[in-house]
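Protein chains: 2
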Amino acid sequence: MEILGKFLSAVKRYSLLKKKDKVILGISGGPDSVAMLHLFSHIKREFKLYLVCVHFNHGLRKEADEEEIFVKRLADSLNIKFVSERKNVGGFWEGNSLEQVARNLRYDFFFKVANTLKIKKIALAHTKDDVVETVLMRVIRGAGIQGLRGILPLIKLKRKTFIRPLIEMEKEEIIKWLKEKKIEYRVDSSNFEERFFRNKIRLNILPLLKKLNPNIKNNLFNLARLSAWNYDFVTKLAYKELEQVREEEGKDFLILNLERLKRLHPFLFLQVLRLAIEEIKGDTRRLDWRHFEKILEAISKKNIIIDLPRLIVEINASKLTLRALSI
Amino acid sequence: MEILGKFLSAVKRYSLLKKKDKVILGISGGPDSVAMLHLFSHIKREFKLYLVCVHFNHGLRKEADEEEIFVKRLADSLNIKFVSERKNVGGFWEGNSLEQVARNLRYDFFFKVANTLKIKKIALAHTKDDVVETVLMRVIRGAGIQGLRGILPLIKLKRKTFIRPLIEMEKEEIIKWLKEKKIEYRVDSSNFEERFFRNKIRLNILPLLKKLNPNIKNNLFNLARLSAWNYDFVTKLAYKELEQVREEEGKDFLILNLERLKRLHPFLFLQVLRLAIEEIKGDTRRLDWRHFEKILEAISKKNIIIDLPRLIVEINASKLTLRALSI
Numbered sequence: 001m002e003i004l005g006k007f008l009s010a011v012k013r014y015s016l017l018k019k020k021d022k023v024i025l026g027i028s029g030g031p032d033s034v035a036m037l038h039l040f041s042h043i044k045r046e047f048k049l050y051l052v053c054v055h056f057n058h059g060l061r062k063e064a065d066e067e068e069i070f071v072k073r074l075a076d077s078l079n080i081k082f083v084s085e086r087k088n089v090g091g092f093w094e095g096n097s098l099e100q101v102a103r104n105l106r107y108d109f110f111f112k113v114a115n116t117l118k119i120k121k122i123a124l125a126h127t128k129d130d131v132v133e134t135v136l137m138r139v140i141r142g143a144g145i146q147g148l149r150g151i152l153p154l155i156k157l158k159r160k161t162f163i164r165p166l167i168e169m170e171k172e173e174i175i176k177w178l179k180e181k182k183i184e185y186r187v188d189s190s191n192f193e194e195r196f197f198r199n200k201i202r203l204n205i206l207p208l209l210k211k212l213n214p215n216i217k218n219n220l221f222n223l224a225r226l227s228a229w230n231y232d233f234v235t236k237l238a239y240k241e242l243e244q245v246r247e248e249e250g251k252d253f254l255i256l257n258l259e260r261l262k263r264l265h266p267f268l269f270l271q272v273l274r275l276a277i278e279e280i281k282g283d284t285r286r287l288d289w290r291h292f293e294k295i296l297e298a299i300s301k302k303n304i305i306i307d308l309p310r311l312i313v314e315i316n317a318s319k320l321t322l323r324a325l326s327i
Numbered sequence: 001m002e003i004l005g006k007f008l009s010a011v012k013r014y015s016l017l018k019k020k021d022k023v024i025l026g027i028s029g030g031p032d033s034v035a036m037l038h039l040f041s042h043i044k045r046e047f048k049l050y051l052v053c054v055h056f057n058h059g060l061r062k063e064a065d066e067e068e069i070f071v072k073r074l075a076d077s078l079n080i081k082f083v084s085e086r087k088n089v090g091g092f093w094e095g096n097s098l099e100q101v102a103r104n105l106r107y108d109f110f111f112k113v114a115n116t117l118k119i120k121k122i123a124l125a126h127t128k129d130d131v132v133e134t135v136l137m138r139v140i141r142g143a144g145i146q147g148l149r150g151i152l153p154l155i156k157l158k159r160k161t162f163i164r165p166l167i168e169m170e171k172e173e174i175i176k177w178l179k180e181k182k183i184e185y186r187v188d189s190s191n192f193e194e195r196f197f198r199n200k201i202r203l204n205i206l207p208l209l210k211k212l213n214p215n216i217k218n219n220l221f222n223l224a225r226l227s228a229w230n231y232d233f234v235t236k237l238a239y240k241e242l243e244q245v246r247e248e249e250g251k252d253f254l255i256l257n258l259e260r261l262k263r264l265h266p267f268l269f270l271q272v273l274r275l276a277i278e279e280i281k282g283d284t285r286r287l288d289w290r291h292f293e294k295i296l297e298a299i300s301k302k303n304i305i306i307d308l309p310r311l312i313v314e315i316n317a318s319k320l321t322l323r324a325l326s327i
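Quick mapping for you: the protein sequence lines, in order, are chains W and B. First residue of the first sequence: 1, per the numbering used here; consecutive thereafter. First residue of the second sequence: 1, per the numbering used here; consecutive thereafter.
Calculated from the structure, these hints are not laboratory results. Possibly wrong hints are sitting among the right ones.
Unchecked claim - Straight-line C-alpha distance at most 27 Å; calculated DSS-like pairs for lysine-lysine: (1) W/K211 with B/K200; (2) W/K200 with W/K211; (3) W/K12 with B/K200; (4) W/K18 with B/K200; (5) W/K301 with B/K12.
Isolated chain W (complex conformation):
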């Protein structure tokens, strides 16, 4: 059982599970998540797991209710607790992409169930294909190393741990396995519409790139993993350095030691700035490459004020002050 081997190898490689874990499984009814439910059910006894199958009914397609019933029956048949929620996602759709709204509501639901049941781990059925598509989307939309990481096998978010044990499997092999085992699943028909950016990547761009290089998926997946390592390494160094250059701080400002900053490699300087801005603004949204470059160019000058989106950077004598603006 090749698939189970890959599942266990990812579990081990990324330390995704330990014995007696309680895990919420996000199951849509599509092939990936149905396979994940079966795989978890298969190792349930050995790992002494407590599993909860959760399903979020987006109410977006006419098949949505049937899918919910399908997942409930599957969970019942495997003797796994089932929790679902139905929300008309279309009704929440304002401005943002529908996919984004759906995702936010789905995650809200996962957090709610996790908090109610006092479970810390949530398993999602993202595959290698999802990683590859994400990396390509990020390359096209514009990204640094942070974005090239794609989807991570394990992330902590609001005190929960999200794990992705299918991350080294290709969708194709999952579907092949499901067919061999005669396991039923549902197909989300919106995957075949060119409705979302991701689908354009999957249906138009990737097949074209595959003609240029049949190994494209592995290459993008390896780039993602390398980027994740690189990012982790650089970010840890930058955190250490931020503590060294930190001089004074308040609710919405941070004063850094400019002399010490100047001695850093420009790349590390940039990373320290990124973390410092995240600290006072919560994120680095609307700040792009050119803004960082402006700051870098200014550090050789004296007494300069740079006006950036929701951020003021002041350079005087030996200090660099970052001030967050609320408007």
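With chain W fixed as given, assemble chain B onto it according to the hints.
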């Protein structure tokens, strides 16, 4: 003169030129190199430059000889010394891609002229488009951060310095400028054939990606610059660390301190290994991600020998030994 401004800003940003520099200009006769020749001629007096226009006649297309005459006349008209060489590149074509063979012979010629005339600097007319295409080619063919750097504005190679002062310009604006100034250039017709991988990227993939994101060129260019910084930073750290872990060495082996290696972040460990392997083998060709991963997985074990392409890795007690194999 927007173009001249961009040229001078790149010269300054990347410290490409200093007063009284002697520079060899690689001129094919295409729009980019013709523009570069004009731009250098324009700043020649101010920078007190000694310029040599060199042209390599690949003898691949029927227009090749006419192009050589065209470039010679242009150089003469600008009062710039002209040197050319004609070689039937097709005759050297064995196995490798024709583009690669042509490139190697062209660079050989550049080095020869540079050595004969005792000139250290060679200017090439690569544009932002070339950087972007290269990044995309590398993403598709498989690359790490090293490859994502694309084409660098300044590199040292065999004691020569290659500079690329057009690196922040788009081909489109160069052609627009040439038309405005009524400056003649030649068009390499092979650019319009889908003969080379690069042309496929330029003619098929990039236009498609541009539909998904009109800003794609800037995004890929910024990714290249960020990757170059990242790579430079990480590599410098890894060199320092390699000196710390180096224990013993010979012509084809290198013994590293395993205890100290184990304490490094896995990403830095990988980079130190890469440099160590480059040192004893000359390159890391044929070693891919999985090989490095094998080594990483092995360091927790004792007494293990890993057989990699042209490389043996031995792990005993507190040592990691790298041995290069000649076959």
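Hints and how they fare:
no.	hint	in the structure
1	W/K211 with B/K200	holds, 11 Å
2	W/K200 with W/K211	holds, 16 Å
3	W/K12 with B/K200	violated, 41 Å
4	W/K18 with B/K200	violated, 48 Å
5	W/K301 with B/K12	holds, 16 Å
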